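Start from the sequences and build out the full structure, keeping to the hints where you can.
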Amino acid sequence: MRKADLVSRISEDTNIAKVDVLVTLEHFFKEIKSALEGGENVYIRGFGSFVLKKRAKKIGRHIKENRPIVIPEHFIPSFKPSKVFVDAVKKNVK
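Last residue of the sequence shown: 124 in my numbering, with the numbers rising by one and none dropped.
In short, the hints are calculated from the structure, not lab data. Do not take every clue at face value.
Claimed, not checked - If you anchor each label on the Cβ, the simulated ranges turn out as follows:
#, residue 1, residue 2, range
1, Glu42, Ala86, 38 to 48 Å
2, His104, Glu56, 18 to 28 Å
3, Lys84, Lys33, 23 to 33 Å
None of the values given here were measured: they were computed from a predicted structure. The beta-carbon is built from N, C-alpha and C at its ideal position, and this holds for glycine as well.
Encoded structure:
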């Protein structure tokens, strides 16, 4: 499913114009991104959590030059689904 498909489904189910649904969805994504960029986690009860995970410093390899490089510690965004969400998927997907 793509974003356009999601907008269409929400619009059909709620009788809200597609443009309004798209604007709302874009603002939702923007707020999640800005919260994570600010070091804040986002918790949505019954759906899941958007959290930051810390990756430790490590040694990698530059493939073309065959030399080691240092990859500094950094944070990456991650999604952890709620137990209710996971159980619903397990129950309904075959």
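Taking the hints in turn, this is what the structure says about them:
1. Glu42 <-> Ala86: 38 to 48 Å: Holds - the Cβ-Cβ distance for Glu42 and Ala86, about 46 Å, lies within 38 to 48 Å.
2. His104 <-> Glu56: 18 to 28 Å: 26 Å, holds
3. Lys84 <-> Lys33: 23 to 33 Å: Distance hint for Lys84, Lys33 holds at roughly 29 Å.
No hint from the list above goes unmet by this structure.
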